[in-house]
Structure formats: C-alpha cells, structure tokens
Amino acid sequence: MTLSLSKDTIKVSKEQDVVFLKNRVKETAVKIKMGLVNQTRLLTACSELVRNMMRYADGGMCLIEIVSSGRNNGVRLTFTDKGPGIPDIVAAMRDGFSTGKSLGLGLPGTKRLVNEFDIKSKVGEGTVVTILKWANG
Amino acid sequence: MDKIPILRMGAFLLVSIQVDLYDRLALNLEADLVQMVNKTSAKGVLIDISAVSIVDSFMGRIIGNIASMSKILDAQTVVVGMQPAVAITLIELGLPLKGVHTALDMEKGMRLLRSMIDDPEEDADEDQTIDDSITE
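Same order as they appear, the protein sequences are chains Z and Y. To convert, note that position 6 of the first sequence is 6 in the UniProt record's numbering; the numbers rise steadily by one, no gaps. To convert, note that position 118 of the second sequence is 118 in the UniProt record's numbering; the numbers rise steadily by one, no gaps.
Just chain Y, same shape as in the assembly (with noise of 0.2 Å):
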C-alpha cells in the first residue's frame, strides 16, 4: 500500500504529492494529514502539488477538505505548485476551491503560513531589532 510521507519542519507539517493520486490514497492521506495535526499540534500544512498532473473533482474536494479540517483544528493550509493547466482544468470543472490559500512555490508558501499564524519567536526577534535600532 503506498502511503504519502507526511514530514514535520518546526510548527508546520509538509506533504509533498510525488505520484498520481488515486481515491484510496487521496482518502488516507486526509485522514493521516488530520491525525498529524492533531498529534503535532501544528501551525499549518503545506502541500506540495507540484507532480500533480491530473486533479479532479473528488482530489478538489479532498483537497478543501483538508483545508476546512485543518481550520477548525487550528492550523492553516497552503497548497504550492500547482500546474497551470490543474488550475484550467479545476476552473473549468467549477470547482474553484474557495477557502484553499495557494502559493507558486515552496518558498512563497513557507513566506505565507509565516505570516498567517503569528509565529511569537519571530515577534520576538522583530522587537529585538526594533529595540536595537532605539539604543543605536
């Protein structure tokens, strides 16, 4: 049974979809992903779609799915990477997966979970600068 690794980097959990999802898989991973949010208590989840070259109305679904699960378990969720022509597709299918934060790449997406959940060390370090520039 192929299962899609699910790797946690600090408060955030990454999934990166390297193959073809087909409904089982697409199911467990909604179901491992909401598990791993629980246990970790994390922040926020980023999926990379990336090598994802079909996504179709049930994918769309579950991909909202994690979404709003993710949410109401206080974690936000940004899906990177997608293929311009998944998002003609997604579009044109009507399905246009409202409420799913997206970023081009890995690095946007990091950038915008950061600035979504206010991460207190960074808070921080932005007030140590803050307070560096007054003393200077």
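The shape of chain Z in the complex, shown without the other chains (with noise of 0.2 Å):
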C-alpha cells in the first residue's frame, strides 16, 4: 500500500516557474534521503515532462507528494494539463517519434528513469502524467 505523506501544488506557465518547480522537486527528494543518482534522474524526467506541458499545452499544474510503502519513501509528481491531449499514446511512447521537432525521446526516457510511470490522455481534454521515483532503487 503506498501512503501519500505530504502534498505541494505549482502552477506551471512561465520559463521562471520551471526553474521554480524544480527547485521544489529537488528539496522534496533530499527531504527522503534520496541519492544523487536518482534525484538526478528524478529531476531529468521532470524536466522532460515541464518541457512537454509547456510546449504542447502552454503549461499546466504540477502536485508533488512524498509517498510511503512500507520501509521506502519516493517522490510522486503528477502532471496535469488542459492542452490538446495525445492522439496515439502508443506512437508517443515509441523512441524516436515526435509531433515537434524534437527527438522524441522524452516520454520514453522518461519511462526509463523513473519507477512508476502512467500516462492518460484525452483528446481535447488535456493529460495527465505521473511519475514516482523511491528514494532506494
């Protein structure tokens, strides 16, 4: 069973809030003890994901909680935004596809560097992505 320990919501629509955020993200993961390594790739997904929000659907909302299952603490960051949705999540997961001009690797890296990853999306509607990441392994 996870437990949600302590909740944080930023709102993300200027280039400053990103900075903002992350900044954020990086005291909640050293509040849990977590490694550098793994802060490191906790904060490179956020970066990916911000970037996505703020290209694609002119930014959104972040919550960031610090959850608990058993003896392991994480850092879970969920991602809303109202912006045209994903048309093909199965497409938008592959390496190497994009609708920008990108490289396309930021959803499935991301999904490489984190624990958990979840993705909807509804067309018209907006996404959703949410992340977590323990603080061990």
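Don't take each hint at face value.
[What the hints assert, rightly or not] Simulated coverage check for chain Y against chain Z, where a stretch passes if three residues somewhere in it have a Cβ under 8 Å from a Cβ of chain Z:
#1 21-31
#2 50-59
#3 76-90
#4 93-105
These are calculated hints, taken from the structure and not from any lab test. Quick reminder that beta carbons are idealized off the backbone N, C-alpha and C, glycines included.
Dock chain one against chain two, each of which comes alone in its own frame, and use the hints as you go.
What follows is the structure in structure tokens.
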C-alpha cells in the first residue's frame, strides 16, 4: 500500500516557474534522503515532462507528493494539463516519435528513468502524467 | 537576461556553464558560440559542464548541435567535467551524445583539443627539439 505523506501543488505557466518547480522537486527529494543518482534521474524526468507541458499545452499544474510504502519513501509527481491531448499514446511512447521538432526521447526516456510511469490523455481535454521515484531503487 | 560568457584563449573558445541551463539560455549559447567560432576562426571549443546537475534530452540535443555546427565551421568541440550522475541519466534517457568528444577535466580536454587540431606552432617546436637532438 502506498501512502501519501505531503502534498504541494505548483502552477507552471512561465519559464521561471520551471526553475522554481525543479528546485521544489529537488528539495523534496533531499528531504527523503534520495541518493544523488536517483535525484538526477527524477529531476531529468521532471524536466522532460514540464517541457512537454509548456510546449504542447502552454503550461499546467504539477503536484509533488512524498509517498511511503513500507520502509521505502519516494517522490510522486503528477503533471496535469488542459492541452490538446495525445491522440496515439502507444506511438508517443515509442523512441524517436515526435510531433514537434524534438528527438522524441522525452516520454520513453522519462519512463526509463523512473520506477512508475502512468499516462492518461483525452484528445481535446488534456493529459495527466504521473511518475514515481523511490529513494532507494 | 542571463548570458553565459565565452572566453577566447588562443585558437580555442572556452565556455564554463556555472548555472543550471534553461531552454532559452541554452539556445542563446548555441547561437552565440557558433557566431564566435565564425568571428574568431577558432579551431576548438571547450565546454565545461562540471557545475551542471541536469542534462535532459533538450540540453543534450543542444550540446550535440554545438558540436556538429562547430565541426562544419572547422572547429572541434570537447565537453569536459560531466558529473557521473549526468552520464548515467543521459544513457538511460537514450542519448549517447554520439559525435561529441569528452574528457574528464579541463586539462585533459585541452590536451585532447591540441592533439585533434594540428597546431603549427607546436609542430615547429617539436621539429626544433628533434633538430637539437641531432646536432647534439
């Protein structure tokens, strides 16, 4: 069972908000004594997702949670936007697929960096991406 | 507006990134650096990223772009000082930074750059020493 211990919602609409969000995520990771490599993985994943949100949906919200399961603590991030949505999630999760001009590594790369990854999207309504990184493992 | 300074040292350009990059800053650096390579006809570019704690796919692409753009302007690029955690993340992300030369620190990076471009002065010095040894 996974328990949520603390919640913090941050609105992202400008480039400065991105810096603020990354600092908050880092603080949260440090608070639960996450190792440096996992911190870097989490922050890189956060960076990818927040960029997607800015580029395709013009911003959105990010929920930062500290979660606990047994003796393990972790950070869960939920990115919610009201953008155009992703018509084909299977294609979007494939390496090298991009509707923009990027390398198409964002979503599949992010999935490889975190422990749990979930994406839900409805065309015309928006996208919700949830990632979880445990402090150890 | 923040700006990352580009220093000129002989035939090389030195860039030390001391802040965490955001997209606009990285794009500006790319443009400035390519301009500088052209303006100073630099033979090598050394980028120090030892203070950068996150390189995501966008930053990785910018680094790759700088290297390829410099290359077609006849300059070599060496990236130095990457943190181990960043290297781990880049590979897991699926971004092996092909075509970008790397070195562990500034000193090794300089040596690599020197060996990559045939510095005529250095060659002259070497010839000199060989001549000396013969006459001795």
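Evaluated hints:
Beta-carbon proximity to chain Z at under 8 Å applies to 3 residues in the stretch 21-31 of chain Y; the threshold of 3 is reached and the given coverage holds. Check on the stretch 50-59 of chain Y: 6 of its residues sit with their Cβ under 8 Å from a Cβ of chain Z, so the three-residue criterion for coverage holds. By the rule of at least three residues with a Cβ nearer than 8 Å to a Cβ of chain Z, the coverage given for the stretch 76-90 of chain Y holds, with 6 such residues. Here's how the stretch 93-105 of chain Y fares: 3 of its residues keep a CB closer than 8 Å to some CB of chain Z, so the rule of at least three is met and the hint holds.
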